[in-house]
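Just so you know, the sequences run in chain order L and B. When we follow the numbering used here, the leftmost residue of the first sequence carries the number 1, and every step to the right adds one. When we follow the numbering used here, the leftmost residue of the second sequence carries the number 207, and every step to the right adds one.
If you are wondering where the hints come from, they were derived from the structure by calculation, not from laboratory data. Keep in mind that this is a model prediction, so the values were computed, not measured. By construction, the Cβ of each residue, glycine as well, lies at the ideal position given by its N, Cα and C atoms. One should not assume that every hint holds.
Cβ-Cβ distance ranges computed for the label pairs, FRET-style [what the hints assert, rightly or not]:
| no. | chain 1 | residue 1 | chain 2 | residue 2 | range |
| --- | --- | --- | --- | --- | --- |
| 1 | B | A319 | L | R34 | 34 to 42 Å |
| 2 | L | P5 | B | S368 | 41 to 49 Å |
| 3 | L | E48 | B | R240 | 49 to 57 Å |
| 4 | B | R410 | L | R29 | 26 to 34 Å |
Protein chains: 2
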Amino acid sequence: MITGPGLLFVVSGPSGAGKDTLVDALLARLPRLRYSISATTRAPRAGEEEGKHYFFLSRDAFERRLAAGELLEWREYNGNLYGTPRDYIERTIAQGYDLIMKPEVNGALAVKAAYADAVLIFLAPDRFPILRERLTARRTETTEQIARRLEIAEEEMKFVRSFDYIVVNAQGRPQEAIGDLEAILRAERCRIHRYTEETIENIRRP
Amino acid sequence: MITGPGLLFVVSGPSGAGKDTLVDALLARLPRLRYSISATTRAPRAGEEEGKHYFFLSRDAFERRLAAGELLEWREYNGNLYGTPRDYIERTIAQGYDLIMKPEVNGALAVKAAYADAVLIFLAPDRFPILRERLTARRTETTEQIARRLEIAEEEMKFVRSFDYIVVNAQGRPQEAIGDLEAILRAERCRIHRYTEETIENIRRP
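Between the sequences and the hints, there should be enough to build the whole structure, so can you do that?
What follows is the structure, given as structure tokens:
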């Protein structure tokens, strides 16, 4: 029986490693796992709900929260700000849910720096040439954009030792990577530092 | 795909926590997992084979190996010596097999001291009164012997923070404990310090 607070899992790694597919698969399988909701200054699109898809903030409000240290990590994309609100993370975890997010590598490192209990998982392809194949197959980016992504991937690999785990998403065997991720999520709950003195005392109680 | 050297898993905890049943279940499910073979000065019984059930040693040979630091842990039981040979552990792990053993708590701590890569798992009941029930149900020991085991269990719980994981074997739900153990065995292989620089370099290779 799983009880107690949830855990924060951060899945990161180079573009083309398969983060989206694998995180979606985990969310579909694990009822206790929720996707971490970001705050953004972007305007809501049709059908997007406050507190479900995003927390929508004015630029002013976002910047105030940033300055107050209330965002675990943030980034700018297409002129809009995105970030991870600490209060939402802490509230959801206190309710007993596990959270998962998939920031870029520098975002993952920022989360760990701000929230030491986070579990960082680096998702890697079995070989770098796979990244090029996957990015090319998407047909959404130019050759130059793909070359740039591969340069970034090379750079990101330098930070792999700051992560807690590596999961290799081998070409054609996504079920193995999903199995590894599920095992990590389950095993982390059994790690000794997750047990409070109170839980241990409860076991001993006559 | 799992490659590279195996890992050494040490499952310990109080008598009655369910080590034997759970370790047998794991061995039946995981083809890559082997039970660690002990060295002993006890004479072979009918059907026992050298290097399969035990490594049979004369007392002299056992004591020489002990003095030479070739045993990870040892204990005396019924006038015979038992111990875990380091060379066997290292050879089996190098062949890519995972090993599991179930020493007493002080043996588990000795293994960790001698072999820092070992993964220590403390198997606990959900409540201590369960231990008394299980030990009584065995009908193999007197009330005094059971009382002594419970005292030892109380003592052993003091060392729980030296372990890497706690798995709670809740009454009536052994499948959950087996699932936790399987997850730990799988997740440990993904931990960052299990990856050599060479493995990481192989991922990057163009």
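Hint check results:
Take A319/B and R34/L: their Cβ atoms lie about 41 Å apart, and the range 34 to 42 Å holds. Between P5/L and S368/B the beta carbons are some 24 Å apart, a value that contradicts the proposed interval 41 to 49 Å. The hinted window of 49 to 57 Å between E48/L and R240/B holds, with their beta carbons roughly 53 Å apart. Between R410/B and R29/L, the C-beta spacing of about 30 Å keeps the proposed range 26 to 34 Å intact.
In the structure shown, a violation is registered for the earlier hint numbered 2 alone.
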